[in-house]
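Number of protein chains: 4
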Amino acid sequence: MEKVRVGIIGVYGMAGGMLLKLLSNHKFVDITLLVSDSFPDKNVECLHKSLKNLFPYKTIRYDTAEIIKKCDVVFLAKPHGKFLKKACSLINQAKEKKIKFIDLSADFRLKNANLYPQWYNVTHSDESLLQKAVYGLSEINAEKIKNASLVANPGCYPTCVLLGVAPLFINKFIDPAERVIVDAHCGVSGAGRKLIESNLAMEVEENIKPYKVAVHPHMPEMEQELGYLMQENISVLFVPHVSSFKCGMLITTYLKLRKNIPVEKIDDIYNKFYQDKPFVRLYQGEGYPEIQNIQGTNFCDIKVIFDQKTNTCIVISSIDNLIKGASGQAIQNMNLMCGFDQAEGLPYANILKKRNY
Amino acid sequence: MEKVRVGIIGVYGMAGGMLLKLLSNHKFVDITLLVSDSFPDKNVECLHKSLKNLFPYKTIRYDTAEIIKKCDVVFLAKPHGKFLKKACSLINQAKEKKIKFIDLSADFRLKNANLYPQWYNVTHSDESLLQKAVYGLSEINAEKIKNASLVANPGCYPTCVLLGVAPLFINKFIDPAERVIVDAHCGVSGAGRKLIESNLAMEVEENIKPYKVAVHPHMPEMEQELGYLMQENISVLFVPHVSSFKCGMLITTYLKLRKNIPVEKIDDIYNKFYQDKPFVRLYQGEGYPEIQNIQGTNFCDIKVIFDQKTNTCIVISSIDNLIKGASGQAIQNMNLMCGFDQAEGLPYANILKKRNY
Amino acid sequence: MEKVRVGIIGVYGMAGGMLLKLLSNHKFVDITLLVSDSFPDKNVECLHKSLKNLFPYKTIRYDTAEIIKKCDVVFLAKPHGKFLKKACSLINQAKEKKIKFIDLSADFRLKNANLYPQWYNVTHSDESLLQKAVYGLSEINAEKIKNASLVANPGCYPTCVLLGVAPLFINKFIDPAERVIVDAHCGVSGAGRKLIESNLAMEVEENIKPYKVAVHPHMPEMEQELGYLMQENISVLFVPHVSSFKCGMLITTYLKLRKNIPVEKIDDIYNKFYQDKPFVRLYQGEGYPEIQNIQGTNFCDIKVIFDQKTNTCIVISSIDNLIKGASGQAIQNMNLMCGFDQAEGLPYANILKKRNY
Amino acid sequence: MEKVRVGIIGVYGMAGGMLLKLLSNHKFVDITLLVSDSFPDKNVECLHKSLKNLFPYKTIRYDTAEIIKKCDVVFLAKPHGKFLKKACSLINQAKEKKIKFIDLSADFRLKNANLYPQWYNVTHSDESLLQKAVYGLSEINAEKIKNASLVANPGCYPTCVLLGVAPLFINKFIDPAERVIVDAHCGVSGAGRKLIESNLAMEVEENIKPYKVAVHPHMPEMEQELGYLMQENISVLFVPHVSSFKCGMLITTYLKLRKNIPVEKIDDIYNKFYQDKPFVRLYQGEGYPEIQNIQGTNFCDIKVIFDQKTNTCIVISSIDNLIKGASGQAIQNMNLMCGFDQAEGLPYANILKKRNY
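Residue numbers (my numbering), protein chains in the order written: chain W, 1 to 357; chain V, 1 to 357; chain R, 1 to 357; chain S, 1 to 357.
A couple of the hints might just be wrong.
The list treats identical chains as one, so a pair stands whether inside a single copy or across any two.
[What the hints assert, rightly or not] Derived DSS-like pairs: lysine-lysine, alpha-carbon spacing no greater than 27 Å straight-line:
1. Lys58 with Lys256
2. Lys212 with Lys97
3. Lys212 with Lys95
4. Lys309 with Lys265
5. Lys42 with Lys212
6. Lys265 with Lys70
The hints are simulated quantities; they were obtained by calculation from the structure and are not laboratory data.
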């Protein structure tokens with residue numbers, strides 16, 4: 001297998017750091033370019049202390065020509081909206097070179113450009129890129145991702161929710177007239193490295209902090225993708241909380257079923273849907289997903305409980321927000337786009353690659 | 001004000017230890033008797049290291065006669081079911097002496113004796129005590145508690161949920177045909193001091209663990225009390241999680257409103273309902289309840305958010321499970337039963353007592 | 001007992017917030033003035049969320065005349081050096097009014113003014129106030145504190161070390177030719193509320209971070225006070241670490257003994273020295289001081305272990321850095337200065353005050 | 001490179017679980033046998049939840065013949081002393097088959113059999129195996145390890161201390177008449193998975209707990225190996241603490257230097273000593289080792305500070321106790337014994353293997 005030349009735009013952030021850490025383990029990747037406009041011309045260990053002595057690379061300032069010259073695959077790991085115009089320009093200029101782009105921000109996730117001003121306080125003027133971008137939920141959209149040149153890597157919360165409930169929506173078990181309630185708890189890494197009071201240890205340890213209740217921008221993303229899965233309009237009520245740990249998230253989703261659903265088939269439906277997906281693990285006997293079981297991995301752990309009294313499915317799903325919720329899924333998508341085994345470079349690759357799918 | 005002589009049955013547990021700690025600060029209490037059958041004849045600092053050098057008391061084995069002789073008020077702080085028969089016998093024998101009992105277990109909370117075998121794996125044969133027991137939710141049942149001789153101190157989860165939603169139920173804003181969804185996160189102290197794997201630090205730190213999903217015994221307790229508030233049958237779907245901290249809980253409750261409810265009155269309704277309740281704090285502008293704001297206190301912090309898109313009220317409420325959810329509310333109840341200021345002995349008593357209610 | 005009127009200068013910081021929280025419980029205090037130059041004209045709950053609904057007070061900007069008019073006791077809780085000139089001016093102006101000052105910063109702790117430029121990057125020009133200030137280590141200097149008008153409240157690390165080792169120094173058990181090694185671990189609250197990277201949850205949780213190794217400014221403070229205790233020059237090697245919790249510190253001090261010391265008398269010496277000190281707890285049988293035993297209290301827990309092989313005393317001492325290491329000791333000092341019981345207003349006051357000393 | 005067949009004896013413990021996790025990533029390993037006498041005939045995910053769906057292996061009961069038949073390399077990961085007799089018997093029986101053994105317990109670390117009753121409460125009767133065993137500190141004893149058939153994998157604390165100070169001892173910078181003070185803080189995983197009170201989350205979170213002060217059995221192990229390095233008798237004063245996190249340790253060691261040591265050469269000495277050791281990272285400019293920088297890796301991070309005032313070297317070293325302090329170093333030793341690259345299978349192997357040493 002030939003190696004690809006990989007660039008990361010925005011290597012100071014947590015997603016950028018995690019990309020670097022995971023890619024160091026990838027057999028078919030040469031890291032050729034690292035961009036940090038905040039910390040240019042630095043060794044990466046100045047940006048990420050734990051990477052001390054590991055990489056010889058220096059960061060550069062953003063430079064379109066350099067990127068086009070040196071990269072086959074580009075990860076865009078900048079904050080939402082901030083880089084949108086430059087990203088569109090870069091992607092359009094790079095078209096002929098067949099460079100593959102994976103954007104970890106929300107800049108290409110929503111198909112309806114009109115939603116951007118409301119939810120991300122930014123105007124999106126490149127409709128054609130929005131339509132061209134493939135929503136990179138690897139387990140659901142693998143076939144489209146394989147042929148994509150631009151992948152919009154999903155948000156961490158939508159990844160965790162969508163994987164948890166997709167089989168119920170695709171099989172039309174859900175009553176679309178009822179709201180989907182998504183109660184989510186995420187570690188503080190979800191908020192990035194910003195120097196704001198809510199990220200201080202004194203505000204996070206031994207605490208839970210609700211935030212953006214019913215107004216978080218991952219809500220329209222969930223509604224868009226759940227709508228696609230069932231071909232109906234879906235209303236999501238999304239309540240996120242910051243919890244007292246560093247990495248990982250656990251989400252409890254409450255879904256009202258249609259009447260007369262054959263609930264005894266739920267386990268089979270999930271088994272079949274995820275039978276050849278190495279990164280989804282189903283809990284069908286005792287035990288529940290827990291954050292400690294997925295920390296540091298690309299797994300999504302899922303359990304579905306049907307409560308007869310209220311005709312409700314409770315779906316508990318858990319991912320590492322920095323890996324399956326960001327950099328890990330981005331690499332999984334790169335693997336799909338480049339024809340590599342989708343587990344290559346990810347934790348437990350050696351075991352997962354042996355499997356037949 | 002004359003002092004009361006107080007005994008604690010079950011002083012080794014977390015509730016027992018917290019009772020001792022809080023009561024040490026109470027002006028009108030003489031601790032006269034401490035029972036621990038697991039650690040009899042020990043100084044209390046052997047049971048609770050942080051109480052080193054503070055109390056001269058020794059524990060004794062359970063002894064009905066001694067309790068009746070030495071106590072005006074008795075706190076029963078034993079595990080559910082284990083002490084039920086002895087408790088009934090003690091309470092019945094103590095009737096003439098007008099001893100006041102506050103039971104922190106679930107043994108007298110459910111009015112329907114038939115629920116005990118199903119939810120607590122124990123048979124309850126003393127129907128008359130069940131009917132006599134007053135459900136000790138201090139803010140709601142204060143008048144009944146004042147005259148009670150037996151108070152069933154509420155569970156931690158029901159306390160937090162009921163205080164959060166009571167005004168909506170009493171005002172019949174809630175659609176009783178819809179299930180009430182209660183998503184709760186509690187610190188590990190909720191599980192007590194038992195030597196079981198799920199209480200180990202390696203299982204709790206940097207983790208979230210769902211447990212007893214839709215089958216937790218606090219569910220029928222919530223249904224009973226919510227039913228009383230609105231005089232309708234109410235279905236609760238309750239999902240508890242153990243979170244990565246020691247003390248405190250935060251609950252997010254989702255309630256479908258009836259149609260055409262004057263939602264703009266919600267804030268006023270809450271303000272009026274809780275205007276003279278020193279331990280309830282309402283969040284009506286910016287900010288949300290957080291666990292760190294209530295840790296170590298008897299407060300219940302509450303915020304109500306109405307989501308128009310889904311006609312749903314989201315109620316976020318937070319208490320310290322060991323204080324307002326157990327020992328603090330027990331002392332608040334003792335204060336009501338004995339005619340003391342209800343804040344006496346509780347954190348911030350000095351400030352709260354100055355207020356006029 | 002008559003009430004005193006109390007002002008706090010610098011109420012936004014952690015020490016200021018803790019002063020307010022503890023003083024709310026003090027029987028003989030009226031809070032009459034709160035200064036915050038960063039957040040003037042705000043209710044204190046804007047500065048400290050957990051104090052919601054508790055205090056009616058508003059903050060004001062710094063105003064010398066107001067302070068002199070409205071306060072009998074003033075707590076100065078500003079960062080080191082930043083307020084030094086204003087503090088000197090205020091204290092000198094207030095002389096005639098017999099206002100008592102307790103400064104929680106380092107501005108009056110070092111007797112040698114020449115040390116300030118080196119250790120605190122500030123020039124100290126008021127020699128007479130430096131000499132007048134009493135070092136407020138309550139257990140050691142109680143008699144001087146009682147008559148002081150200006151108390152320099154000790155640093156958190158020096159408080160914990162000095163209480164731990166004082167009896168060994170006073171009894172001249174220590175070899176002054178050998179360095180005293182102080183290995184300290186403190187929670188992140190020790191660094192205050194500043195928005196700096198090292199205070200972020202991602203940098204603190206599940207971590208230990210050494211800092212200012214052998215160059216921390218509490219080192220000369222320890223050397224000064226240990227020198228006084230034994231009337232010899234003492235060299236301290238001090239290594240502080242930030243540990244993965246919010247409050248509290250635990251220090252392990254290593255002391256070489258002189259030859260032929262009657263080490264069997266150490267326990268007696270400590271017992272006698274601390275027999276009438278309510279806030280010192282000695283561990284002489286099994287068990288060690290632990291941070292959880294002192295969190296939220298004004299206690300200093302101490303254990304002394306003699307290692308024969310190396311003729312070394314290992315002293316383990318632990319305090320809550322925000323209470324005994326700052327605001328709690330400040331209130332203890334106010335109590336001494338005003339003739340109140342020294343435990344008044346502090347946790348477990350009700351029990352501790354009953355004791356005879 | 002040919003694969004080796006690997007067995008793990010004691011797969012339920014933390015070291016056993018980590019071996020499995022790391023070996024899954026090793027190119028030249030076939031896991032052929034897993035022994036658990038506590039949980040025989042179970043899939044490994046019953047023993048380690050986070051390994052769900054990863055391995056097809058079942059555990060068996062201990063069976064000498066099976067081990068000899070199916071393994072080229074055997075990891076012994078049982079508690080100290082408990083398995084000593086069986087281990088000796090197995091190793092002696094396996095001699096002809098040239099099976100390589102790596103024992104992660106203390107059973108073969110001390111050369112002086114007389115120390116076992118005192119420090120481990122067990123009698124050691126196989127002197128010849130004790131002498132034959134190579135102390136597996138990979139960076140120091142690589143040459144001996146390459147030819148060893150029995151490696152005694154070092155304790156976590158000794159690994160961290162010895163790597164931190166070895167260059168100072170080998171260069172005879174240390175005054176052997178002075179005691180070496182080792183102040184260590186380790187996460188709770190150091191205590192294993194035992195159901196004891198001190199391992200409960202309520203005892204560990206937001207706490208520090210000193211234990212076995214000056215009587216921990218890793219002390220004679222350090223003294224033995226430091227003594228070898230300098231060919232002098234060395235006295236160690238070792239004080240371990242359990243800190244408030246799961247994995248990792250940070251140790252601060254205080255060493256008195258001989259007089260007239262050329263301290264300006266210390267950095268060079270360390271650079272030279274560790275120049276070709278991929279798992280040691282030296283901090284010589286700004287910054288200190290921190291636990292978060294080594295968590296999940298096989299690195300040992302080291303900083304040496306010379307304090308002129310006290311003629312003392314302060315060495316701060318940090319490792320992940322479960323990896324470099326146990327299973328990671330065990331695999332590093334297997335790699336040396338089998339002729340693999342020493343980084344194979346360990347985190348960042350892909351990068352570290354590219355280096356020339």
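I'd like to know which numbered hints this structure contradicts. Please list them from smallest to largest. 1, 2, 3 and 6
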